[in-house]
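There are 2 protein chains.
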Amino acid sequence: MAKQHVYFFGDGHAEGNGRMKNLLGGKGANLAEMTSIGLPVPAGFTLTTEVCTEYYANDRNYPAGLTEEVQANLARVEQLMGKKFGDASNPLLVSVRSGARASMPGMMDTVLNLGLNDTTVQGVIAQSGDERFAYDSYRRFIQMYSNVVMGMSGEDLEDILHDMKEKKGVKEDTDLNAADLKQLVSLFKNKVKAELGKEFPDDPKKQLWGAISAVFSSWMNARAITYRRLNNIPAEWGTAVNVQSMVFGNMGDDCATGVAFTRDPSTGENYFYGEYLVNAQGEDVVAGIRTPQPINKAKHKPGDLPAMEDVLPECYAQLAKIRDILEKHYRDMQDIEFTIEKHKLYMLQTRNGKRTAKAAVRIAVDMVKEGLISENEAVLRVAPEQLDQLLHPSLDPAAEKIVVAKGLPASPGAASGAIIFTADEAEAEAKLNRKVILVRVETSPEDIHGMHAAQGILTARGGMTSHAAVVARGMGKCCVAGCGDIKVDYRNETITTVKGDVFKKGEIITLDGSTGEVMRGEVPTVQPELSGEFGELMVWADNIRTMKVRTNADTPNDAQVARDFGAEGIGLCRTEHMFFEGDRIMAVREMILAEDVEGRKKALEKILPMQKGDFLGLFRVMKGLPVTIRLLDPPLHEFLPHTDKEIDALSKDIGVPAATLKAKVEALHEFNPMLGHRGCRLAITYPEIYDMQVQAIMEAACELNKNEGYAIIPEIMIPLVSEVRELAVLRANAIKVADAVIARYGVKVEYLIGTMIELPRAALTADVIAAEAEFFSFGTNDLTQTTYGLSRDDAGKFLPFYVEKDLFPNDPFVAIDQEGVGLLVKMGCEKGRAGRPGIKLGICGEHGGEPSSVIFCHQIGLDYVSCSPFRVPIARLAAAHAVLLEK
Amino acid sequence: MAKQHVYFFGDGHAEGNGRMKNLLGGKGANLAEMTSIGLPVPAGFTLTTEVCTEYYANDRNYPAGLTEEVQANLARVEQLMGKKFGDASNPLLVSVRSGARASMPGMMDTVLNLGLNDTTVQGVIAQSGDERFAYDSYRRFIQMYSNVVMGMSGEDLEDILHDMKEKKGVKEDTDLNAADLKQLVSLFKNKVKAELGKEFPDDPKKQLWGAISAVFSSWMNARAITYRRLNNIPAEWGTAVNVQSMVFGNMGDDCATGVAFTRDPSTGENYFYGEYLVNAQGEDVVAGIRTPQPINKAKHKPGDLPAMEDVLPECYAQLAKIRDILEKHYRDMQDIEFTIEKHKLYMLQTRNGKRTAKAAVRIAVDMVKEGLISENEAVLRVAPEQLDQLLHPSLDPAAEKIVVAKGLPASPGAASGAIIFTADEAEAEAKLNRKVILVRVETSPEDIHGMHAAQGILTARGGMTSHAAVVARGMGKCCVAGCGDIKVDYRNETITTVKGDVFKKGEIITLDGSTGEVMRGEVPTVQPELSGEFGELMVWADNIRTMKVRTNADTPNDAQVARDFGAEGIGLCRTEHMFFEGDRIMAVREMILAEDVEGRKKALEKILPMQKGDFLGLFRVMKGLPVTIRLLDPPLHEFLPHTDKEIDALSKDIGVPAATLKAKVEALHEFNPMLGHRGCRLAITYPEIYDMQVQAIMEAACELNKNEGYAIIPEIMIPLVSEVRELAVLRANAIKVADAVIARYGVKVEYLIGTMIELPRAALTADVIAAEAEFFSFGTNDLTQTTYGLSRDDAGKFLPFYVEKDLFPNDPFVAIDQEGVGLLVKMGCEKGRAGRPGIKLGICGEHGGEPSSVIFCHQIGLDYVSCSPFRVPIARLAAAHAVLLEK
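Same order as they appear, the protein sequences are chains U and Z. Under the numbering used here, the letters of the first sequence match residues 1 to 887, in that order. Under the numbering used here, the letters of the second sequence match residues 1 to 887, in that order.
Chain U extracted, bound-state conformation:
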């Protein structure tokens, strides 16, 4: 039997269902599902994603028999709707929409009102009794089709429309009458012919196949490719095409169209949140051209436009019932589209709604309480990466704010940056590490890359469900949308507020996406306060996960933040940061400039009490939790100035001749410092440095044990080991120093000595290294650099290009490269355990806070991950996901 390429849905029956997303796309599967559960869905059919795949595999040719299948399904629709495609008296009009496996909002093209021509428009007039509506639909169809299918610039026809309005002396499209619109149809068609040299197609079948091909072709347009790259969607998935009977929200005041979320997508509140427009067609609501009205009165404020609950009460009641059905059926918050045609409600779409992290957490927790989902499901409902939104600072409520404008609180969070008006510029500035706010009248899919690059987005137009708002929430970016208080002047690159303030390109503003406020300059921020639901969810996650989560922290302050976020120890305390601090950098330099061991020891004696103080502070904060301290790692030249000017200044400061200083700087110069005289190699040649550090660590631990009764077990970590003998020598030294301190204090303090596995050779020889190490911590930053032979400091010249061109599937410094670097980590674990059963294994590279990497770490059996304080909750949740994904 030939493969079925088209699936029908309509009147309570559907060939597909909601589980067939891979084949029918998200939209098609959900239309089938809604049809099956008895919701009012206009009849239609779906061309499968396999058609798309075959289309591209066969040089843009359709599989055999497709035409016949489409024809047969079209006939079923005609029969069910009692209309006929292309009929002069009672014509069927259809929409043609894309629908991929994963939601790609606004990424691909849509054609509405398809089937109209000079003949069928008469049928529409006859059926609707509304000539103006019929010609308005017709001219809209020509605009959409000529742009989307025929590839004409939209501006050409917009200009004609504009001229017509000027000629007529009117402002709005709605002020044009039927005759005007009829004339527009004719003008539009002439323009199409003049521009493209061919007639606008009148044959509805030709129109249909043109639209179907346009949707399939849109799968490979630049916007779609960018979106897929940003969201890791494979091109092989393809898109489906949905052909569906048109219903009209723009046939009069008993018509409407709207979009809604079954719960608030910003806060997660269990409240039916949506917007609608009376007498409007589908895309009008999200396009942001007219300001939409709320669907219900629950949060009505004085001055708000009338709610659908009041305007169309029966329809609203029916919609509210459908909302309940959908939530019970899908067991998740839904994002729906509906149209009311002459008081009859139609459902055009349902899908799991995008939401902010805050909403995701609240909805997941609420749904557990409502008995809709299990705790495990709730944990899986929140993407770990999303938590980042919750954990970043918001505006300091105590800070002085000069609010210059106010818009819609479209996506929460706070952001400051320089005003930039184009997506390309935003991207260019971000590459230079400059923080920018992208300011647009409204955003479109072409702006995606700029939104990604910006700290926040500000639009002058559009509602809470406008493109800018939806996309920003998905990205977790702060967004203020529909800010009518500002006038954006692209040409002069300025914003003018209603109060008359003018901001030029490059000036700094601050957005508060939770209030909609726009502020002058940079406003200070404060730590986020985490909700009760967040706490509940994290407890569930903690109960599920088996891997510990530690933090990378060098100061008591960082350590405290991390503990508050649930860190279970310090996985990496970098001691070099302590060396850079103002009061000790001088002693460090004295050590470096010393000519012999005695000189170095003298300088190190000055550093000792300060280092000890550092560790006392850390140990106190982490009381009872493990603390891994990495001994000095960077090459010594990092502690010296490098320019002549800096050297002269230091020379005056410390009374050492500039020439001497310069000679030392030159002697320490390295061609490849990353691969140079650093880490344990320093300690092999200058053992006194690590001796001092071990002494400081152990004195701090012993003192706390003796005086404050702490049971701290320091984990002393030796970096950059490539060969077990290095570790053997340094471990022996450390034991000697540590045991001497313990003996001196007369206490019983345990300690562990271990190593970073951050060079390929260490991973490859981990079995023998384990003989000298009580723990391993995988330093995947350096391991990635050496495994790829790629300096992170230098990669900026080509790495973005690599990621863009898909040469590297991901930036390997963000998500661990599982095939290469990950394989080494896996070998390191297996060999480490072979060499020392039960050896403690962790990771302290930045990958330790990236969800896919955390899941990988769980899979290969690490005991813990360690990450920056703000990523601790993300790692906790990802570790729980790792367990649940195994099931």
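Check before you lean on any hint, since a few could be wrong.
With a straight-line cut-off of 35 Å between C-alpha atoms, the simulated DSBU-like cross-links for lysine-lysine are [to be verified]:
id	chain 1	residue 1	chain 2	residue 2
1	Z	Lys-805	U	Lys-736
2	Z	Lys-805	U	Lys-645
3	U	Lys-805	Z	Lys-606
4	U	Lys-652	Z	Lys-805
5	U	Lys-431	Z	Lys-664
6	Z	Lys-797	U	Lys-826
Simulated from the structure, these hints should not be mistaken for lab results. Note that the structure is predicted; figures quoted are calculated from it, not measured.
With chain U fixed as given, assemble chain Z onto it according to the hints.
Just chain Z now, kept in the frame of chain U:
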């Protein structure tokens, strides 16, 4: 039964044999073997190497029962010799000598004439009838024992001897009479007591145990440790101690002592080569104090001292017979020591003789022809590394030479360098990459490190078997020994020749170790001419080996040298060297400074014909053999000047403002160029560079195919791949360019496209990379750098320290690190073959010419190694060894 710790030998019977070197050491095993085959060996016994190991394992205590075993064996010696240890009338005297598993010439200590005291000396007088001899032996014993066993400086007693000679008004030790020597004994003993605060031991048993302990202790002295490190001898092997009846070559003119080689150790000629001294004790010959006489007349020249063949003809005849017996028995050239006591010949030692590479080759080939050994054995007899000596240039016979002095041609080859007088300074200078000649009156084991560091060694005293000569030959260093023409003044750091020329420290001289000439300044050198025997041996090796040997060559000249040395193709042609040449560096810079693709292409068009010319030259030389060409690898900044001065000069040259140049240099600056924008990363961002190179390669190949009928198959190699997609993109580009060239020429030329495996990730993902690569070449230089995280350019600050302290077993840039880097290469091979069965695998790092690495490459199944032209024969021989070692 208790373990046997002592093995007896004497009178045709021995408990040990020649195969027991591990237990008895080389000397002990061979003494046992010689005894067994009926050679005249003074009776004695050997304390095993296990005693040494147990001695160190048990805190310098001997195993139980050792005293009794030694006593019992001593009694057997006494019985056999008819003498008694410590007897007043017919005392047994013994030597105590070390003897490790591997020969360590002069490394450890020896004591002779042991058993003498005021009582036994009377017995010696009675037996020998020579009071002077008896007291001379006695005073020598005290000198040796007090120094070696009691740890007194040798100078203390030398001073007393010197004073005595002055007082007596004589010059030589031999001018002192019995009374003088008797008085010396007494003065010596007093001095020992004064210096050490204890009596010189009179009890022969105490003397014996003191000496045994001193030998065991000498195993751990600094000289021995250094020697072991240089020769990769494990400390665990331990040394044996040989206690043997003394025989005396110094009891009169019917006595003699000598050393000989059964064939010439310099040339390999089948000629009995040796030196002897009449009326002398063992160490006199090698110490170089008296100039020794030749043992036979075969190469006698007018003015030579009388030969043993004439002086002691029966003894010589007996010795010559023993030579034949030994060669037939051991099937190898022997290095022997003998003593004649009153016309009776005694054999004191035999061992496989050290030899020059030239001698090794000739002896091996001759012995095959003589039916003594098989071809396979002959191939194994020559250490691949040794060939280096043969392959290095010698002095250009046409060059002008100012010969300032002449000594003995002690070790062949030629060397130039600055005069240095101490081993420490030689080592220090060598670390700074300066070439030095170590000049000494004579060398001692303390000078080993300096000899190692020097290019060549010049001594004023000592013969062809002196310390300097033996050690230099072993090291393959050029050496001129016994150069009486020069006076060495350590204090003023000068050499004065007999002609009155004065050379100061630091002045350059040249040595010719094959003629013994010393020349002023640096004399040019020429390629070595290889002997017929060398050719024969290499043919045998080639028949045995299964791995191909290619060469790394960038120029037709290098390629020709390598072909002459037997290279079977080019494994690595680095194209960047071509970019640096005078006539094209300007075009390269123009390309780098270009602002856009068009500008770059214009510059590349200028380079194209030159590159094509390079390849035409190479292909012509390598006609019919494979040529692997690596596309451009270094970062672009390497082609630009870096100092302000250089930039200004270039600015004037090319008319580009210095500021522009400087900005470009800064823009291209990298923190870690080794891990930066180079290799295939350049071609990903600037594809036009590789396009030009591929075009040049293919045009050259097609032109030769069309016009000269060559069947060249270029192997195009893409460097620094870390991810298969890089290779996929660049391979597709290269195929496009190559196929276009082929089509244009209308010929049929095949080509391969492959990659370097030089980053850990490439090795780890070799299975997927193989899908895009027709061959792999392991670039183990960079692979070592990244696997260790070690920049070769920067490692100089600590790598020597690492090797010295044994933290790295070897310099991993010299011999491949089999555990780490080697494991990656092995994985790369296995995965590569899994991804593409039959993929061609080779290595082009410098390890490709290092014997242990070549053997490793064979073991993991590489198809070929590629190395510098001069190392091609070494690799060929090592590849044959690899096969033979498997058996």
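Right, here's what the structure says about each hint:
no.	hint	result
1	Z:Lys-805 x U:Lys-736	20 Å, holds
2	Z:Lys-805 x U:Lys-645	40 Å, violated
3	U:Lys-805 x Z:Lys-606	30 Å, holds
4	U:Lys-652 x Z:Lys-805	40 Å, violated
5	U:Lys-431 x Z:Lys-664	19 Å, holds
6	Z:Lys-797 x U:Lys-826	33 Å, holds
The structure does not agree with the numbered hints 2, 4 stated previously, though it agrees with the rest.
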